[in-house]
Amino acid sequence: PKGRTVIIEQSWGSPKVTKDGVTVAKSIDLKDRYKNIGAKLVQDVANNTNEEAGDGTTTATVLARAVAKEGFDTISKGANPVEIRRGVMLAVEEVINELKKLSKPVTTPEEIAQVATISANGDIEVGNIISNAMKKVGRKGVITVKDGKTLHDELEIIEGMKFDRGYISPYFINTA
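With UniProt numbering applied, the sequence shown corresponds to residues 1 to 176, in that order.
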């Protein structure tokens, strides 16, 4: 919640100002080939977290770095990498079980607005808009957030379906 704002240079247009972990991770491209491989792995962590949870990408990348650093340090002191991995996987299972015990379902519009407000860096107006959107589209509905051309935040409902894949074959495209 107290993350810092980052300015990212873009190949076209104005620089992007963001606090979003996945956006920051995607922008990293290192000259050193081996360091860049590590950066790409962290990008995968951020992307997977974003796809699965929709938030928490910064936390996930910080945790990934800490686990990797401790793992590398332990391996450099002679530990077995296979045993390290096994231990990490056991720890992951324990953490997941504990989080499931501690979690509680979010069901009311007020609770949804609270969670959305936190995800929106404390912006209550955005939190309320997200809560209203969820009320209208339901738990299985798709909510897409886009940059607008005005200074105001607004909610627009569009009826239809969204597919997570393109056409099976380019021959299905009907341009006539």
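Just so you know, these hints were derived from the structure itself, not from any lab. No experiment lies behind these values; they were computed from the predicted model shown. The reader is advised that the hints may include incorrect statements.
[Claimed, not checked] Capping the alpha-carbon separation at 27 angstroms, the derived lysine-lysine pairs in DSS-like fashion look like this:
hint, residue 1, residue 2
1, 26, 69
2, 149, 100
3, 16, 40
Okay, the hints, checked on the actual structure:
| no. | hint | result |
| --- | --- | --- |
| 1 | 26 x 69 | holds, 21 angstroms |
| 2 | 149 x 100 | violated, 41 angstroms |
| 3 | 16 x 40 | holds, 20 angstroms |
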